[in-house]
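**Student:** Using the supplied hints, reconstruct the complex from the two chains, each of which is provided in its own coordinate frame.
Heads up: the sequence lines are chains A and B, in that order. Each residue of the first sequence is one higher than the last, beginning at 0 in numbering that gives the first Met the number 0. Each residue of the second sequence is one higher than the last, beginning at 0 in numbering that gives the first Met the number 0.
The hints are simulated quantities; they were obtained by calculation from the structure and are not laboratory data.
Here are the computed distance ranges between Cβ atoms for each label pair:
no., chain 1, residue 1, chain 2, residue 2, range
1, A, M377, B, T147, 52 to 62 Å
2, B, R567, A, P105, 16 to 26 Å
3, B, R510, A, L187, 23 to 33 Å
4, B, G471, A, K202, 49 to 59 Å
5, A, G102, B, A571, 13 to 23 Å
6, A, D158, B, D53, 51 to 61 Å
7, B, Q504, A, A3, 44 to 54 Å
8, A, Q186, B, E563, 28 to 38 Å
Predicted, not measured: the structure shown is a model, and the values here were computed from it. Even for Gly, the Cβ is constructed at its ideal location relative to N, Cα and C.
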Amino acid sequence: MSAADTIFALSSGQPPAAIGIIRISGIKASGALHALSGSVPDERRASLMKLSDPSSGELLDTALILWFPGPNSASGEDLAEIHCHGGRAVVRALETALENMEGLRPAEPGEFTRRAFTHGRMDLAEAEGLSDLLFAETELQRRSAIQAAGGALSRKVEDWQNTILRLSAMVEAELDFSDEDDVTPAQLSVVQSAAGELATEMKAMLDRPRAEKLREGVRVVLGGPPNSGKSTLLNALVEREAAIVSPIAGTTRDVIEVPIAIKGIPFLFIDTAGVRDEGAEEIERMGIDRARHQFDLADLILWLGPEGEGPQISNLVEIASRQDHPDYLAKSSDTLSVSPLAGAGMDALVALLVDRAKDIVPRGDEISVNKRQADHLMEAQRNLGAISDLQDYLIIAEQLRLARGALDALTGRASTEDMLDSLFGKFCIGK
Amino acid sequence: MRDHFDLKPSFRYGRSMDCDFDLIVVGGGHAGCEAAAVAARMGVRTALVSFTKDSIGAMSCNPAIGGLGKGHLVREVDAFDGLIGRAADAAAIHYRMLNLSKGAAVQGPRVQADRKLYKAAIHRMLEAQDNISIVEGEVASLIFDGQTVSGINFADDRQITASAVILATGTFLNGKLFRGEETFAGGRTGEASAVSLGQQIRDAHLPIARLKTGTPPRIDGRTIDWASLPEQPSDDDGWTMSPMSLRRDVPQTFCAVSRTSAATHDIIRDNLDRSPLFSGAIDAQGPRYCPSIEDKIHRFADRDSHQVFLEPEGLDTNLVYPNGISTSLPVDVQEAFVRTMDGLSKAEIIVPGYAVEYDHIDPRALDRSLKVRDLDGLYCAGQINGTTGYEEAAAQGLVAGIGAACAIQRKDAPQLDRGTSYMAVMIDDLVLQGVTEPYRMLTARAEYRLRLRADNATTRLSPIAESIGCLGSERRAWFKERQTQRKAIMQELEAVYSCEAIADQEIEVRRDGTKQSLFDWLRFPNISINALAGLGISVADTHEGLLAEVEEDARYAPYLQRQESELRDLRANEQIRLGDDLDYAAIAGLSNEMVERLKGARPETLAAASRVRGVTPAALAAILVHARRREAKTLAA
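Chain B extracted, bound-state conformation (with noise of 0.2 Å):
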């Protein structure tokens, strides 16, 4: 990584070999830094522009990692070699299986980071990456050649040239934050906001819509009654988000629960009409799953208290993010409710809550490498296609990053699909149903996610990465031997045994005469590989949670078996391309609801089209034909 970059005097250079650049990423979050650093572990030329070299890889919210669902997303961008999951782990104060009682396919991994620690793991994993240079800067507004950006003109004159940009920018796009009666320009606290870069994007007529976002006051750890608090400790059982840190390196410590009381819910009632929620000043849509405390005790009423966690923000920090409590009331109030909650009676807000109103694209204009359909060379990843979350922004900063380096690559991007992958259904339910509140990834969304655990990501994922050159050399050889390690423990599985082959093992099984593979006995629950261990099965040294992985393959086999045949009819109908022109007005039969949905989402396949909300079997088979007819024009033409 160069850090001090000479740029080039104020004149465009032309396209390919004489940019400056192959790829320019604008924005140094979650989703920027992944974008960058995946483009450049595949060999392209790629320069990361921040405003300050300092906030790149800052977490600008909660200071949590991973959860239901986002888990999942990190240990797949993991599985891509990618930063998040072993920053994480170079960070992680506290970490916590959400779900452990329940099956392994909705369980989530999730840590508290220390910020400093996160952010300096960021900046070492990018110095030690080639082919990344870091340039600050305000970034004024993009270079168009036609219909294709070309690079970046910065405020202070600068330019820099590029095959393509990827806009990584968050809430930066015409951000607002409120707070009580005070409203002020920027996206996070203290930072300018890039105005003249959103007027022109929506000058360049993509669509534009606006959503809201919360956070809550920090508060001075050194004023918390810890306690009189029940504490949650850190897991103990030595799990990493990512299989390539070895061990927790980082001291840990431990969360507490706070609640809201009576009292509590008196104050923000008697102030409800002093946040700009509920006067009318924010009218863009707040996420439903993660609503403002004002929201949750104007909705909930009959609640009489809210579960609040106290997640400390570092080791040699005294910020305490209280979890559940984001708001958008004035200081005072603020000040007023935290203190009628369980341990808070003498809290310090360091830096109040505030919401936060942006701008962000909808993301039905971007296809599935998130590359805006209509120009070519420009990409949108993170919070600006209208997502929450530093896991959602990272995974799309991965996808965006592999589509902009297999296109300067001239290569194919891997098609992955939801039956693949999280990060798929998330790309795809963003780019055909657009959002009408930040988007969250939850595990619900994932109709196959009894495959897409969180525990098989690299099983599932590391072969697409290796084969577009995504994995460093130590996790290639670090997946090279964990693949013949598994391959070794499913030969063995392959064994047939009878039931009293197994009784002989002191396992509890029906003596019915079942002969079957070791593999198939693995689906009874009381059944372990470990149990097997006296039939020759070999359980040393194998990699951490490889076993786990094939036994809950082996557990949940019936039911994997099952999708397959749905995912060959989707696969199927993912094979036929509608392109991207299709006139759907054209096509007799469909209803102007039907059309405007179409138009919106641009389906790129039939099967894409088959999961716009509303449209019917019968529109369906009056789509493939159409595309049919128009396919066999094109031939004959």
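Just chain A, same shape as in the assembly (with noise of 0.2 Å):
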């Protein structure tokens, strides 16, 4: 990646709508103009042209231009806006035309804002009311995160801070003044042992759930072959009509998402495309795909097929649905049974999912990391875990350097860059 590229995204909602915005930012915008529709229009006036594939010469739609060369544009740089029809085709066919091209590349979450950033269009505190502002439904949950557990990480880190510092002080003695015998020497096996404790530390509360928990939810995905019922089980769980449900075999062909709280806890209840083998046509079949992938984000797998023939993988859980349906898969006597429509067997499902979700989000009353911080963490426990196998006092001072700064990239005091990455990563592709 490579601030010299040129970056395209769609900017507005996701396709279908009844039009679709595509930015275009960078020196090869203009190109880019130039080899969809031949030409670059007048600069700030909206303009109607045809745009063709440049490969196949195909039309792929009549849209609207707008062209803003730099630096008086939102971004800094010469920026174009196709403004085109919001099916999904025709935004899909656009894209391709444009990936297709030399120089240009997909934006990176939050890059139109950085680059407006670094060219001086937008300040810091501008970018960050734009990113509260994209983030308002969330930010009472984050903030609410971090309220609990934050000053209590910040103090936790510091006083890592604070022992890792005591070390390094020690082997920098042994190494700049060992000549002189006002030092007492550090010994080899305090050093090690200490930053091991330090690394086992870590690791306890790498160990424990992550933060993003608490915003994302529990992700339990209902899993079976067609019309085994995971529809209907999901509408009862959801209270509502989140899914289409019909008889026919494959009516999910997509991936659902149902967000709901449960006693507090959030979760994400994801409904699959059935999965079976023969017999689905080329969209169900890539609906099945996906299913698939769910399975491998899944917290928690609700299997509603036959028993044992589900993914092999520890958090699934066996499910008899449909109790009182014609097609009825008994399952062993201790697996849960259930009956969405009749309501049987809903409670303890519920008390099950409730009782599983207490390892998979953090405890209101312990410090729980986000993955942001989890990989610094990991970074700085795996340079102290790698002393105690050391007898070089210099590899040591320097796996203890490498600590301090992961440490210090999590409280934040890292390099520009990281936090520049870490703040634009926060916004919408194309915003």
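**Tutor:** Listed below in structure tokens is the structure:
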């Protein structure tokens, strides 16, 4: 990824919609317009133009084009906006045409904002304001998570930093002043065991559930062959008609996600296309692939298919659904049996979900870290953990330095680039 | 070198070719000599000004050169074909590699140097160097042409002009000596102090602060009971400070180790009130890492003995330097406590120890070439910038000399950063953080020290030195040959071998199917290039130390690779220039404390700003935006 690339992204909502706005920013924006329409329109005026695929010449759409030469544009670079028809196929075709052009690539999350920022079109406060606005919905959850655990985490990290600094000082004294007898020699074993203890403490924190789960919810995936009643069960769980239910096998072709709180715990229920190997046409097969992908991401799978035929994952729960249905599949005696329509067994299922969720979402009363923090903590933990096998003071000092750097990054004292990456990574693509 | 420069009558010439010289270097200590010599090597007409010709190249304090961190600086200056390494070898009466049991990156080559031989070597090298004239005299003041320095006035009304002046005056600025209840004006004992120059610098609104340092009494070696003391012999494996010194020419002697006793501590404790450090006469900050003996006794009261190295000052002198008892106690107390130490019961003091308090320039007023930012043509190098040590001074002299010469020759000075040299680490620390105690090089200051070894200084720096014309012809030829050999070895090490093939060389390896290059195999501590000789690796006829350097590179390769990515980030941020006149107070979101620190440091780049203490990432982002906006405005205008 380079800041010199020209980037593009769909800046309006997900299609289908009445119009789709694709933004292109960078030095090749004018070249891209030229390739699509044969010319670059007057600046700052809406122009209706025919857009064709540059390789095949095939007409893609007739669209309004806006052209803003840099630096007086939203991103501070040459910027084009294509207001096209908002159907999936049109948007996809235009994106594909752009992606095939040399020097163009899809934007990273937040990259337009980042460019606006680095070109001085927006200051940090404005950038953060935009970020808050975009995330207003989840902000309360996030803030509550940070307030509950944030202060405690900072204190903990500061403790660790002080210990590491002390170890570093011991090792540095050994390296820089060992010829002076006024320095008490650092004992290798003392440094090794102290570093090991720190690593163990960090590991314990890393093993706890991640803070994001509070915001994202426990991912519960409903799985099973077509027409095994997954959507019916989902509807019963979320107590509303979130999925289209029909007796035709393969009705749910895409993945449906429904967030809901049960007893204060956030859940994300995910209904998937039924998994079957034969008889599925192309679109349904794509749905099946997505279902398999969902199994990989799941915190918990409720398996409604034949017993033992679900994905071989430890977090799978066998459910015997539709007690009252002609196709009822009986399972072993200790399997939870439910009837979504009549309501039988549903309380037991909810209790089970709440119980299992306790190991998946952080407890309110202990420190939890989010993924960004966990990455840095893991880095620190790895560097400290390696010290117990090392004899060379020079390398031990380097490991301690790397661990300090990782914790600095965790608390935000890291390099500017890291901080900007994480700040701008919060933005949706194209905003 | 011309000894007796015919001074022009007392009127001023214009600038450029009408100047008497291109460059004037004031002070003939380690900083001044390196500055003058490197500028002359680069073809700049240079005047080296000193009170007397004889005091040029004097070692004023401890007769040792090198050590931990400091040995790195010596080798780096040497990689630019500097003087200090070769002069040290010409004078070395005792060699010791410190930290020999630890990794090469923290090993510190150190020698005891004979003062006379050292001075003679410096004089010899300066005489052999074209473009240097030595001018004797007491500098009274700088000549200013507006905000530009254009020459110097001597106390006897002579004057000389040049495009640039480097001040390398050591402690000569308002120096004040303390010994017990006595005080004297002056830098070193027996020499006048450049008081008027100091006053002028104050008047020029350069930020001035005060530091102190000390020196121990010199003892008559004939009165020491050497036989009763443990000896520390010279290392015997033949290494030298400079690769250009082919062998050790000077007879080797030995040092001895004495110790203070309970009686020593009692005497010092009883007389603390007679030390200017404790009476309040000196309030400047001394170095924490090199405390006076009275400081040590006071602060580490639980210790009942301290080690003291007895270091001979030369082959034909009886002076011995007792390293570890720097003091400013009165002479009678010095005599009393010295005689309570091991082997010193009959010791006679020849020159008593003293403390010296002196002015220094807040180095944050300087840029990375050590030029005073707000004045043109004026550079400062060495102790005047708040550092301590010959090696620190020499390295600054080199940097200032290169900076001035590049400015005179209108070419870009090489950009050295914290990833390339200890010199750059020191300069960066000085101009960004300033000093609160005399600054000494430590390996702990260098984040990237795994790559900044004393043994690879020439590989790191000589190409840069060559590109700006710092290398003499002899060094150029030597370096070219070394590079050729290095390339040949690296090529041979690219060959891929299996673990079986390695095991066939009777080297113990795990037979796990590994196949990798010989360079990668060298990562294992039990594999050396010599051990691979059976695989057709040529190990004979290579430069001294070259194989060890390559082995060390291989050993730490995984760590060096990790540092690479860190350095890429650093260098990207070094490209973002902030400019000297950024108004930090005008940037929203910076705390007052940050504004003060940034104003003092005036970081040249975003990377430098990130190293200023207390500057947060959010503050950096705000600075970045401000700088970008200003840049955009400048471009638009």
